[in-house]
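Start from the sequences and build out the full structure, keeping to the hints where you can.
2 protein chains.
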Amino acid sequence: MPIQIVQSIADARSTCRLQNRQGKSVGLVPTMGFLHEGHLSLVRQARSDNDFVVVSVFVNPTQFLPSEDFDTYPQNFEQDQRLLEDEGVDLIFFPSTKEMYCSSNSTFVEVTGQLTTNLCAISRPHFFRGVATVVAKLFNIVEPDRAYFGHKDAQQLAIIQRMVQDLNFDIEVVPMPIVRDSDGLAKSSRNSYLNPDQRRSSTVLFRALQHAKTLITQGERSSNRILAEMEKMIQATEYTRIDYINIVCTTSFEPQEYINSEVLIAIAVWITNTRLIDSIRIDPANLTS
Amino acid sequence: MPIQIVQSIADARSTCRLQNRQGKSVGLVPTMGFLHEGHLSLVRQARSDNDFVVVSVFVNPTQFLPSEDFDTYPQNFEQDQRLLEDEGVDLIFFPSTKEMYCSSNSTFVEVTGQLTTNLCAISRPHFFRGVATVVAKLFNIVEPDRAYFGHKDAQQLAIIQRMVQDLNFDIEVVPMPIVRDSDGLAKSSRNSYLNPDQRRSSTVLFRALQHAKTLITQGERSSNRILAEMEKMIQATEYTRIDYINIVCTTSFEPQEYINSEVLIAIAVWITNTRLIDSIRIDPANLTS
Chain A
0 MPIQIVQSIA
10 DARSTCRLQN
20 RQGKSVGLVP
30 TMGFLHEGHL
40 SLVRQARSDN
50 DFVVVSVFVN
60 PTQFLPSEDF
70 DTYPQNFEQD
80 QRLLEDEGVD
90 LIFFPSTKEM
100 YCSSNSTFVE
110 VTGQLTTNLC
120 AISRPHFFRG
130 VATVVAKLFN
140 IVEPDRAYFG
150 HKDAQQLAII
160 QRMVQDLNFD
170 IEVVPMPIVR
180 DSDGLAKSSR
190 NSYLNPDQRR
200 SSTVLFRALQ
210 HAKTLITQGE
220 RSSNRILAEM
230 EKMIQATEYT
240 RIDYINIVCT
250 TSFEPQEYIN
260 SEVLIAIAVW
270 ITNTRLIDSI
280 RIDPANLTS
Chain B
0 MPIQIVQSIA
10 DARSTCRLQN
20 RQGKSVGLVP
30 TMGFLHEGHL
40 SLVRQARSDN
50 DFVVVSVFVN
60 PTQFLPSEDF
70 DTYPQNFEQD
80 QRLLEDEGVD
90 LIFFPSTKEM
100 YCSSNSTFVE
110 VTGQLTTNLC
120 AISRPHFFRG
130 VATVVAKLFN
140 IVEPDRAYFG
150 HKDAQQLAII
160 QRMVQDLNFD
170 IEVVPMPIVR
180 DSDGLAKSSR
190 NSYLNPDQRR
200 SSTVLFRALQ
210 HAKTLITQGE
220 RSSNRILAEM
230 EKMIQATEYT
240 RIDYINIVCT
250 TSFEPQEYIN
260 SEVLIAIAVW
270 ITNTRLIDSI
280 RIDPANLTS
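The listed protein sequences correspond, in order, to chains A and B. Under numbering that gives the first Met the number 0, the residue at position 59 of the first sequence is numbered 58, and the numbers go up by one with no gaps. Under numbering that gives the first Met the number 0, the residue at position 170 of the second sequence is numbered 169, and the numbers go up by one with no gaps.
Check the hints yourself; a few may be wrong.
One copy or two, it doesn't matter: identical chains are merged, so the pair holds either way.
Stated by the list, open to error - Here are the simulated DMTMM-like cross-link-like pairs (lysine to aspartate or glutamate), alpha carbons at most 20 angstroms apart as the crow flies:
| id | residue 1 | residue 2 |
| --- | --- | --- |
| 1 | K97 | E261 |
| 2 | K212 | E261 |
| 3 | K97 | D169 |
| 4 | K23 | D79 |
| 5 | K23 | E142 |
| 6 | K212 | D282 |
| 7 | K231 | D169 |
| 8 | K23 | E237 |
| 9 | K97 | D182 |
Since the hints were made in silico from the structure, they are not lab data. Given the structure is predicted, the values throughout are model-derived calculations rather than measurements.
In structure tokens form, the structure reads like this:
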């Protein structure tokens, strides 16, 4: 079957509904396009888990601030289409902004509490409301059995999991590991903004996280001491400006003073004008890897 | 088939899902129980439109303020069950608060704008967030083809319609007319709070709305003059305290200074400690009835 590309909500819904009616399982990979190996790892998992694979390509305006890069967010639909064809995807849902948000649109899905007040929510307070809302819409349009999200956006993943549970979506959220370049930089569409000098500096996110892991492996349990060392390392690197570094509980996202159970070490750093995020999960009771 | 009563989300979901899989249409009537003729009119319409009829009975805590009547809201499940059996309902979904809201629940659906800032939202700012959230949950659990709501809760109906459109729920919202006692009082579970003297006063809501209609039929188009007359009428009635009276656009819920197109005249009045609401829609171009 050639890949189907649909732009209307009604077509996406009826195509996916037909699969459901035939007892076929449907997997959804929501993306903003400009696909990289990170996205493709989700697509491959979806392909292996489901009868029918849908990838949405939609740069969602409600998760950008006016000052952010909505207008310049990288796009290359032809390349995305080719990549998704190669992965054997069945359907690309590629709606316009107008198709997704009518002019009188005024409904939002909001996850409240620490999950949406800490980390990325501090500098991007609008972000998770936009994400939860568009994902709820995509879930209602595609009605997937499974939906795939990367650990790269750790906070987004936790918020989607929270939303699915709280609003009783009957959808399995499948979390997938971070995919990295060979020097450790986490794959991101925004990496394309970096010039060669900035690209070299950008590896400091991964290196700082690895350093934190080494410290914990050596027995350090004080978050403050670990964060201070990470901070020093990043500040010593050209082009960087720290947005946040934090060590939080992997479920509640509450900051942890001491590392007594599994934590998420999460980091957001501006490389000149490009904001990059990365994170690792570390369980002090299980430090083998 | 005897009526089924299920208390768990999983059982409600699997029973309704089975109907869907068999190509049967599912109608949902969400209620807080203590059913009256208003509810039963929705149930009858659902029965006539669908293969399988689900009535949810759940007093939703997230739509009450601490100061409100959540703890004393009238309940009589045995009577509700009997009434629904008589109407040939297939399934009653009767979950506990704990089943619907786990302790870490923190996701809300919020409709923003005039629709949720005017009228009832002024004195009950929490109300519509609670309603939209629980209805979204019920929609995801039951996955109905159609859902039934009364014009009695005009603002709630408009908000649900807005939410269904904005979040792309594939559900037909069926609005149903207000059902009244013979003296005009709109049926409401809260009418049971009224003593005989208060009950007599309570007809002023309907009488004030009828008076407004008469004025408009006679050619009056100024909202202020109509509202002033309604106010006078209510204030002259014992036990009353006006929460609001307003004349708004039926779609945007923006207040209308002049009546040039269809409007909603909406009214909320305290009868001692019981808050009652009522409304009528009037189209000045179509004043026949």
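Verification of the hints:
Neither within a single protomer nor between protomers do K97 and E261 lie at most 20 angstroms apart by alpha-carbon distance, with minima of 42 angstroms and 28 angstroms respectively. With identical chains, the CA atoms of K212 and E261 are at most 20 angstroms apart within one copy only, with a shortest distance of 12 angstroms there and 66 angstroms across copies. In this assembly of identical chains, the alpha carbons of K97 and D169 lie at most 20 angstroms apart only when taken from different copies (18 angstroms versus 27 angstroms within one copy). Taking the closest pair of Cα atoms, K23 and D79 never come within 20 angstroms of each other, the shortest separation being 25 angstroms inside a single copy and 39 angstroms across copies.
In this homomeric assembly, K23 and E142 come within 20 angstroms of each other (Cα to Cα) both inside a single copy, at 12 angstroms, and across copies, at 18 angstroms. For a Cα distance limit of 20 angstroms, the shortest separation of K212 from D282 inside one copy, 10 angstroms, qualifies, whereas the shortest one across copies, 69 angstroms, does not. Taking identical chains as interchangeable, the C-alpha atoms of K231 and D169 are never at most 20 angstroms apart, the minima being 45 angstroms within one chain and 52 angstroms between chains. Taking the closest pair of Cα atoms, K23 and E237 never come within 20 angstroms of each other, the shortest separation being 51 angstroms inside a single copy and 64 angstroms across copies.
Neither within a single protomer nor between protomers do K97 and D182 lie at most 20 angstroms apart by alpha-carbon distance, with minima of 40 angstroms and 48 angstroms respectively.
In summary, the structure is inconsistent with hints 1, 4, 7, 8, 9 from the numbered list given earlier, while agreeing with the others.
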